[in-house]
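A.B. asks: What follows is each chain in one-letter form.
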Amino acid sequence: MTELQTKLKLYRLHKDEYAQIQKLLGRDPKGLEWALFSALWSEHCSYKSSKVHLKQLFSQSPRVLQSFGENAGIVDLGQGEKIAFKMESHNHPSFIEPYQGAATGVGGILRDIFTMGARPIALANYLCFGEPKANRMETLVDGVVRGIGGYGNCVGVPTITGQTHFHSSYNENILVNAMAVGYFGKADPICLSKAKGVGNLVVYVGAKTGRDGIHGASMASESFDDNSAAKRPTVQIGDPFFEKLLIEACLEVMKKDLVVAIQDMGAAGLTSSTFEMAEKGEVGIDMNLDQVPLRDSTLTPEDIMLSESQERMLLICDPAKLKPLQEVFERWGLDASVIGKVTQGPNVRLFWNMELITDINPTTIVSHAPQYQRPFEKYNSPYLKPQTPPQDTGSTLQTLETILKSEHGGSREWVYRQYDQRVGAATARDCSDPVGVVRLPESGRALGVVLGCRPHMMRLDPQFGGRDSILHPALQLAVMGFEPLAVTDCLNFGNPEKTETMTQFVAALDGMNSACRELQAPIISGNVSFYNETKSKNISPTPSTGLVGLRSKMENLPTTAFTAEGEDIYTLTWGECWAEGLLAEMNDKTPKAFLNFETQGFDQFVKELTKLGTSDLVSSARVVSKFGLLYALTRMSLSGMGARIESAQNRFVEPLYQIVVSTKNAPALEKEVQSWSLKTLKLQKIGQTQKNELVWADVKVKSEVLNQLYKKSWEAQFENLA
Amino acid sequence: MSDKIGVLRFPGTNCDWDIYKAVEWSGAKPTFLWHQDTFNVEDYDGFVVPGGFSYGDYLRSGALAAHAPAMNSLRTAAEKGYPIFGVCNGFQILCEAGLLPGALLRNAGLRFIDQMIEIETQNSHKRFGLKLKKNQKSRMPIAHADGRYFVTDDELKKIQDNDQVYCTYVANPNGSAGNIAGVMNAQKNVVAMMPHPERAIYEWMGSSDGQLYFRN
Amino acid sequence: MYKIGVRIMPRAEVLDTQGRAVGMTLKSKGFQVMDCKVGKFVILQIEGESPAHARAQATKISEDLLCNTLIETFQIEELP
Amino acid sequence: MYKIGVRIMPRAEVLDTQGRAVGMTLKSKGFQVMDCKVGKFVILQIEGESPAHARAQATKISEDLLCNTLIETFQIEELP
Ligand SMILES: Nc1ncnc2c1ncn2[C@@H]1O[C@H](COP(=O)(O)OP(=O)(O)O)[C@@H](O)[C@H]1O
Ligand SMILES: [Mg+2]
Chain A
141 MTELQTKLKL
151 YRLHKDEYAQ
161 IQKLLGRDPK
171 GLEWALFSAL
181 WSEHCSYKSS
191 KVHLKQLFSQ
201 SPRVLQSFGE
211 NAGIVDLGQG
221 EKIAFKMESH
231 NHPSFIEPYQ
241 GAATGVGGIL
251 RDIFTMGARP
261 IALANYLCFG
271 EPKANRMETL
281 VDGVVRGIGG
291 YGNCVGVPTI
301 TGQTHFHSSY
311 NENILVNAMA
321 VGYFGKADPI
331 CLSKAKGVGN
341 LVVYVGAKTG
351 RDGIHGASMA
361 SESFDDNSAA
371 KRPTVQIGDP
381 FFEKLLIEAC
391 LEVMKKDLVV
401 AIQDMGAAGL
411 TSSTFEMAEK
421 GEVGIDMNLD
431 QVPLRDSTLT
441 PEDIMLSESQ
451 ERMLLICDPA
461 KLKPLQEVFE
471 RWGLDASVIG
481 KVTQGPNVRL
491 FWNMELITDI
501 NPTTIVSHAP
511 QYQRPFEKYN
521 SPYLKPQTPP
531 QDTGSTLQTL
541 ETILKSEHGG
551 SREWVYRQYD
561 QRVGAATARD
571 CSDPVGVVRL
581 PESGRALGVV
591 LGCRPHMMRL
601 DPQFGGRDSI
611 LHPALQLAVM
621 GFEPLAVTDC
631 LNFGNPEKTE
641 TMTQFVAALD
651 GMNSACRELQ
661 APIISGNVSF
671 YNETKSKNIS
681 PTPSTGLVGL
691 RSKMENLPTT
701 AFTAEGEDIY
711 TLTWGECWAE
721 GLLAEMNDKT
731 PKAFLNFETQ
741 GFDQFVKELT
751 KLGTSDLVSS
761 ARVVSKFGLL
771 YALTRMSLSG
781 MGARIESAQN
791 RFVEPLYQIV
801 VSTKNAPALE
811 KEVQSWSLKT
821 LKLQKIGQTQ
831 KNELVWADVK
841 VKSEVLNQLY
851 KKSWEAQFEN
861 LA
Chain B
3 MSDKIGVLRF
13 PGTNCDWDIY
23 KAVEWSGAKP
33 TFLWHQDTFN
43 VEDYDGFVVP
53 GGFSYGDYLR
63 SGALAAHAPA
73 MNSLRTAAEK
83 GYPIFGVCNG
93 FQILCEAGLL
103 PGALLRNAGL
113 RFIDQMIEIE
123 TQNSHKRFGL
133 KLKKNQKSRM
143 PIAHADGRYF
153 VTDDELKKIQ
163 DNDQVYCTYV
173 ANPNGSAGNI
183 AGVMNAQKNV
193 VAMMPHPERA
203 IYEWMGSSDG
213 QLYFRN
Chain C
164 MYKIGVRIMP
174 RAEVLDTQGR
184 AVGMTLKSKG
194 FQVMDCKVGK
204 FVILQIEGES
214 PAHARAQATK
224 ISEDLLCNTL
234 IETFQIEELP
Chain D
164 MYKIGVRIMP
174 RAEVLDTQGR
184 AVGMTLKSKG
194 FQVMDCKVGK
204 FVILQIEGES
214 PAHARAQATK
224 ISEDLLCNTL
234 IETFQIEELP
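The listed protein sequences derive, respectively, from chains A, B, C and D.
Under the working numbering, the first residue of the first sequence carries the number 141, and numbering increases by one thereafter.
Under the working numbering, the first residue of the second sequence carries the number 3, and numbering increases by one thereafter.
Under the working numbering, the first residue of the third sequence carries the number 164, and numbering increases by one thereafter.
Under the working numbering, the first residue of the fourth sequence carries the number 164, and numbering increases by one thereafter.
Hints listed in this document are in silico derivations from the structure and should not be mistaken for laboratory results.
For every residue, glycine included, the Cβ atom is placed at its ideal position computed from N, Cα and C.
Among the hints, a few may not be true.
[To be verified] Derived DEER-like restraints, expressed as beta-carbon distance ranges:
hint, chain 1, residue 1, chain 2, residue 2, range
1, C, Pro243, B, Gly100, 33 to 43 Å
2, B, Pro71, A, Arg167, 54 to 64 Å
3, A, Lys852, B, Pro71, 45 to 55 Å
4, C, Pro214, B, Asn164, 38 to 48 Å
[Said to hold, decoys possible] Here are a few chain B residues that sit away from chain A, every Cβ distance over 10 Å (derived from the structure):
hint, residue
5, Gly29
6, Thr40
7, Gly54
8, Gln117
9, Asn174
10, His198
11, Gln213
12, Asn218
With the hints as extra help, turn the sequences into a complete structure.
C.D. replies: If you want it as structure tokens, here you go:
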């Protein structure tokens, strides 16, 4: 290898990118510049394969105060309340060191939220694991769950919802996506990351810089191979205790108006924070790298610029306010060190012991990062021909038992029991419900958080699966009376240099985007994680989503299980779409499906449903999901109240979409639904609630038995994790 | 006239506001007390040490917080008979500070547990739970990794004989000795429990049984 | 400057659940482990006039803070 | 039967979150502690043919199970 080739490999730059750098600079890159380009032009920081597509996203609505471009999106809830939220992946680090990988994933997403001035009030996590018996899987599941709990519990932010999926495509590439929601009350300012004010100081706060995660950003932009083990020494360690101090101190200085701009040091650490702050503010920065607080005195300037040590922030501060700012941090036991100042610019200049070592225009690195139009094909769904769903075959009860015992149909209580779901004393619905609910402190209204993306739908049809990633959670919110407001996402895909991956990516994004547009629920923040590929095998495309919804009051919140005897049970079914879904996969069958979705009127349906969900007409409700209607009814019958059902519907085919509700007032419910005049919607009475037992044709089984099966499956799948 | 309640705050305390709001709900007046500052005990009618992860639970839960300057004042308050209430990490801190008998070890299952549980009152407390009746059941959440109450067998007998057991678990979730969920000192002014009554104030929280622990 | 190690182990009468769990795992993996106890090890760099002085400091620190003598015992050693 | 101690400490280059918090507290209490690291100590009772054999077992156990070599190092000693 030539010297140049070695260098390109080390810094993970393509030779075309090198040519582009030469052109931009008018010379060869030198010294530290290599590291800067490597970090900021990595897929992770530059979104170079996805940007052209992300630009098309529906991202605005009258409620949106901040969309892409800042650390997190912000939505106005009215009455002086706002929320910031975002979701992010930590897949690669979690596969290497599951505890720390997952923990630092939570820490990172929390920083993105409080950087903006919002106090974190809720966490959620979306997890995809391989088959339970796959190599290391038990260790990975254990470590990831402990890590998420270890961090979230300690910082004192409740985890209120999540999802856990299993599939062989994740055997060697698990997904760990974490979402955080932050709250602004009437008096809380929004803080941005735009540096400004020539002469203002650049202040470094939080943990000292160590060797953690050097080259992390560019590592996350590569596929896994057998050498991954050798890349290990860069494990980042998270300290939730330190983060808690940082949250309190940062929110305090923001509230006291002591900062001009603030940015967390996330991927590519000091490099991305410095250059992005300067670039956004169209100013220069002079920074003395020798003044960066170090944990390890042998770090070189390059190490310092690339370190991903956790729990660090970069602030811009008016010199007159430095003293009070430092006092706040000191009170919380943290250091705030001046490491530079804002200049006229345009260049960022980095000094090492008084010597100028880098002098470069931030625009060159940030805005001129490459953007690729990676090849993809037009996606055509194979499931558009009308078909009638297949008939039930075999023993229904046996099939139900198999489902409940499997890793797909069993309880996730083992997971969420390890999360503090109620710290903050605001949780109204915890992880045992699909929608997590917290009370908004000032107005007392309810905020609902739910995650979307069902990987088995993505495997079936990435375009419909993308649409489903929005519609399914939106329905879950609506039926509980929450108006779906906005969306964050985490687009986990394989290698974008492969046409197949890009085709899936574009199709999924198209599905998501149309759904968001139809519901007027914009995507306002998110993250793309490409290269989820190990030894050339891609994961199932997995665009996980997080939706937030607003409910005007806490009263009449439906339960997700039957609670009262003698209530009438109805299904509300939208259109004719269906899929054989997860059960077919479990039986190693290629699922059949009909996915020609009727969009006309769906937005009205969601609106009407939201109103219904806040009325007193619905006692309990559930969106029929994986494994179809029988499984949904089973889930509603676990806590002692069952049902007697009469319906000719296929028990296990998954309707897209269908909702089960129970009501005390059947005539009023019927009248209400008829008044919507939606011709695509079918209302059907299917039975009544009754004590202790679920009965539907040949199925006749006690709630208690179902509950046992549901709860025991985890132990059966993971012997050592009971 | 409403009670003045001092609520201690350590680095890493995260139920401080939850306790603050519960105290406020009860009609008393809460004031935060900062770990680095000593305080004048006469300015208050009682004290709460809230839950959380003081000092990240490093070394042992509550161990580092037990040495804060504010704890010296709290010790004075304890000696003078002021009512003091610890919840979760507050319980751990009070044990580590020697204000309550015993210690809290890692849960028997070695994992953090968040769960709605039921406890049974054994003895009421003059300020934090005066109206609680013996054998009265309350539902509220636990959320802890180190909740296994440990005392030597002799000591266990002593605190049982001396009516120092405050509440017990109906179904022991963590391996606590004598199913103990909450305990008092010999003088019965210092009391603490692992479950979180401040997370069970309003029906929408899933239970409002925690009210009795704050309201007199 | 002296480097002092403090070894902190659970008392015999306290059930060491962590040790028990590790021991069981080891046995199930076929290791001939009859017993396992899990404790802590703390390394302190102490400024002091003499080794004896540093040791005395470490003892005080251990009694005050590092060790809860109700449930743990400790042992001090000078490290190279 | 041999009694083997395994001392497991965070790697030098890795952040020791516990040590940082404990060290801070010790300093604030006025102790002359310049640095503090917190690790684990595991005592194993091992059935083995010889001290060397027991040590070898302990090493294997440490590598396989007790120590996460990504972030920790370990050291083995025979205990009396
Ligand atoms: N990783 C996780 N973190 C928190 N909660 C989770 C997690 N995985 C699953 N859950 C919760 O477990 C419950 C059951 O999961 P599942 O059966 O997949 O969902 P659903 O109830 O939507 O069918 C859900 O309410 C979900 O919120
Ligand atoms: Mg950020």
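A.B. asks: Run every hint past the structure and note whether it holds.
C.D. replies: Status of each hint after checking the structure:
Here the CB-CB span from C/Pro243 to B/Gly100 is close to 36 Å, well matched to the stated 33 to 43 Å. Distance hint check for B/Pro71 and A/Arg167: the Cβ-Cβ separation is about 59 Å, which falls inside the suggested range of 54 to 64 Å. In this structure the supplied range 45 to 55 Å holds for A/Lys852 paired with B/Pro71, their Cβ-Cβ distance being about 51 Å. For C/Pro214 paired with B/Asn164, a C-beta distance near 46 Å keeps the hint of 38 to 48 Å intact.
With a minimum CB-CB distance of about 17 Å to chain A, B/Gly29 clears the 10 Å threshold, and the non-interface call stands. Every Cβ of chain A is farther than 10 Å from the Cβ of B/Thr40; the closest lies at roughly 16 Å, confirming the non-interface assignment. With 10 Å as the threshold on Cβ separation, the claim that B/Gly54 sits away from chain A is violated: the shortest Cβ distance comes to roughly 6 Å. Its beta-carbon lying about 6 Å from the closest one in chain A, B/Gln117 breaks the requirement of being farther than 10 Å from that chain.
Remark: the non-interface label on B/Asn174 is consistent with the geometry, its nearest Cβ contact in chain A lying 16 Å away (cut-off 10 Å). Not every Cβ of chain A is farther than 10 Å from the Cβ of B/His198; the closest lies at roughly 7 Å, contradicting the non-interface assignment. Once the 10 Å rule is applied to beta carbons, B/Gln213 is consistent with being away from chain A; the minimum gap is 13 Å. Every beta carbon of chain A lies more than 10 Å from that of B/Asn218, the smallest distance being close to 20 Å; the non-interface claim holds.
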